[in-house]
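Undergrad: So the chains spell out like this:
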Amino acid sequence: MKLVAATLYALGIPFVETFTHSASERHACDSVVVRVRDEAGTEGFGEGAPRPYVTGETVTTMVDHLARELWPGVAERELPPAGHLAGLDAFVPEPSVAGAVAPNASRAALELAILDCILRRAGRSAATVLPPRRSRVTYSGVVTAGSLDRAARHARHLRAIGIRHVKVKVGFDDDVARVTAVRQALGADTSIRLDANGAWSLGRAVEVLSAVAPLGIAAVEQPLPRGGDYAGLRAAVPVPLMADESLVTAADAEALIAARAVDFFNVRVSKCGGLARSLAIAARAAEAGLGVQVGSQVGETAILAAAGRHLAAALPEVAFVEGSFGTLLLTEDVSVESVQFGHRGQAPILTGPGLGIRVIEARLRRHAVAVRELGTGG
Amino acid sequence: MNSGTGDLRAKIETAFERQVEGLTASAQFRALEEGRATAREYDAFVENVARAHLRSPQLVAFLYALAPPAAAADLRHNLLEELGLEDPAGRAHPDLLSDLLAGAGLAHRLPQVGAQADEDLRRVVVDPLLYGTLREVGLAALAEIVAFEFMLARLAGRFAKALAAHRGLPASALTWFTHHSEVDVRHAEQGLADLEAYARYYDLDDDEALAIVEAALREDVFTRRYWR
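Top line first, the protein sequences correspond to chains R and H.
Residue 164 is where the first sequence starts when you use this note's numbering, and the numbers rise one by one after that.
Residue 17 is where the second sequence starts when you use this note's numbering, and the numbers rise one by one after that.
Please keep in mind that the hints were generated in silico from the structure rather than gathered at the bench.
Be aware that one or more of the hints could be misleading.
[Said to hold, decoys possible] Partial selection, computed: residues in chain R whose CB lies under 7 Å from chain H:
hint, residue
1, E180
2, R316
3, R319
4, H320
5, A323
6, I324
7, S501
8, Q503
9, G505
10, H506
[To be verified] From the structure, some residues in chain R lie toward chain H, with a derived Cβ separation under 10 Å:
hint, residue
11, T223
12, G325
13, T490
14, L491
[To be verified] Simulated DEER-style distance windows between Cβ atoms:
hint, chain 1, residue 1, chain 2, residue 2, range
15, H, A77, R, A446, 51 to 57 Å
16, R, P258, H, A41, 47 to 53 Å
17, R, T291, H, G148, 29 to 35 Å
18, R, T539, H, R46, 49 to 55 Å
19, H, A180, R, G175, 30 to 36 Å
20, H, V140, R, K165, 40 to 46 Å
21, H, D111, R, P215, 48 to 54 Å
22, H, H124, R, A249, 42 to 48 Å
23, R, V369, H, T149, 42 to 48 Å
24, H, R25, R, T490, 27 to 33 Å
25, H, V140, R, G395, 49 to 55 Å
26, R, T494, H, A77, 22 to 28 Å
27, H, H124, R, E232, 43 to 49 Å
28, R, A446, H, A209, 56 to 62 Å
Cβ atoms here follow ideal geometry from the backbone N, Cα and C, with glycine treated the same way.
Between the sequences and the hints, there should be enough to build the whole structure, so can you do that?
TA: If you want it as structure tokens, here you go:
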């Protein structure tokens, strides 16, 4: 069976409210969704979220990369068998993109679309490829940037819906006051992580982390920019460190492990280039004795959320899981099924065919700022 | 039952006032009121108002089912009013919204708007519940209803005036707005008392209740509904 057509949707789904952190302010989902169709007419959907400050991709470069390099590399080629994730990983080509760390969002979108298509044709769920080790996944909440009052209000909302793990966006002048306010709003029984999105210098990281450590901080994500002195920081503060923007490729993972730079890896399906590679990086972290967080992209739709759910359910150990905000953040999601987490951040595993959701193509079109149809034969 | 500290009502009112201030300061509201919106934007606003409120009777019926004794009479009254049964001359509010669409030349859009409203309701039902029990779900739903009454008591007249002046809608099409500008002053006052009664009856402490109310409103509940 071969792929014969694809459609790229550059989305612009507005957010319910602005999401702000030190590296970006977002008002809408800007994911690129890929729909592939095989000879029998079976469709599959995948999604990637381009982030210039993470993988070096933009919506424009992602669409161009998919259309000009990745799609021609998979169209009209015999597809790998269902259930063979490593075979699928090898099937998707890997050209480089000038200026990008790695074109992983593009790759993830195509890998997920093909996986969804192959599994749907076989009537199988992704849960048969990534057998779940738990019946439900527990998600964290996020307190975004903004005023201290807004941060405390966000924290109270999360407490009201029973969230027990909360990540606080930091990287501002008032970080210590912010974390203190959030701790006060959440109470003592909720775990708090910080995420600086690489905004701190080494000195500032030491200063803030030393001040907030007594509040009980489970981990701090990407305190320094990519390439920063993580090993030095790790030796200087009592807060566990987590790599995010510094962890894009398998080579990044090896370098971080060799340098004993961090305590956790934040593995995100889009950032890491798809499910196969995310799984491999998570496995490598476990071998090295590191904890794993399954992260998400701000504003991702149900497609990436579903992929993240499968990954989080399948890993032997997972410390924290993020994402599945659904219409808590998007004004409209793209699937029939809601993937949004519920009370206490819990959500069931997905067992339907493919990634386990049914994408409503009309919604993709309605929210697309650009649509590109790709066929075969040039 | 929780007796509370007595200032829950004031805090909720402050949260509502903040939302109303946010709405009147929004670019969308100002454009609508100052006649700078396009014809298409006025039409979209009219459709979104209809979509937001077409299924209100069902929502009020749900709230009536959960009503504590101290709020039951108010919610029954609101439900009958929504259904046009409160007095012999009454008209069901969904019919008034149909009049609004028709007056704007959008009668042909009613099936689509109705379908959107149904889908909104369906989503509320199928989405996972964020709260552990119906008491929190009910408070969140009541907070949103009362917040709209609070806002409409203050702004429905301005909406009507703007639609008449800049979109040329006749008075007969604007009954839904004029009705709400008149009765929601009373509803909003009752609603604030009902919210407090609800929290007391179902043993929600003030901080917990306020967090649920604020979560229901989020950043800008009104613009989210009226400008989608």
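Undergrad: Each of the hints needs a verdict: does it hold here or not?
TA: Hints, verified against the model:
1. E180: For E180 (chain R), the interface hint holds, since the closest Cβ of chain H sits about 4 Å away, which is under 7 Å.
2. R316: holds, 6 Å
3. R319: holds, 4 Å
4. H320: holds, 4 Å
5. A323: holds, 4 Å
6. I324: holds, 4 Å
7. S501: holds, 5 Å
8. Q503: holds, 6 Å
9. G505: holds, 3 Å
10. H506: For H506 (chain R), the interface hint holds, since the closest Cβ of chain H sits about 5 Å away, which is under 7 Å.
11. T223: Given a least distance of 27 Å, the restraint on T223 (chain R) is violated.
12. G325: Since chain H brings a Cβ to about 6 Å from G325 (chain R), closer than 10 Å, the hint holds.
13. T490: holds, 7 Å
14. L491: The hint holds - L491 (chain R) has a Cβ within 10 Å of chain H, the shortest such distance being about 8 Å.
15. H:A77 to R:A446: 51 to 57 Å: holds, 53 Å
16. R:P258 to H:A41: 47 to 53 Å: holds, 49 Å
17. R:T291 to H:G148: 29 to 35 Å: holds, 32 Å
18. R:T539 to H:R46: 49 to 55 Å: Roughly 51 Å apart at Cβ, these two residues keep to the hinted range, so it holds.
19. H:A180 to R:G175: 30 to 36 Å: holds, 34 Å
20. H:V140 to R:K165: 40 to 46 Å: Once the Cβ atoms are compared, 42 Å apart, the range 40 to 46 Å for K165 (chain R) and V140 (chain H) holds.
21. H:D111 to R:P215: 48 to 54 Å: Cβ of D111 (chain H) to Cβ of P215 (chain R): about 52 Å, so the range 48 to 54 Å holds.
22. H:H124 to R:A249: 42 to 48 Å: Hint violated: Cβ distance 55 Å, outside 42 to 48 Å.
23. R:V369 to H:T149: 42 to 48 Å: holds, 44 Å
24. H:R25 to R:T490: 27 to 33 Å: holds, 30 Å
25. H:V140 to R:G395: 49 to 55 Å: holds, 51 Å
26. R:T494 to H:A77: 22 to 28 Å: Check passed, 26 Å falls within 22 to 28 Å.
27. H:H124 to R:E232: 43 to 49 Å: holds, 46 Å
28. R:A446 to H:A209: 56 to 62 Å: holds, 58 Å
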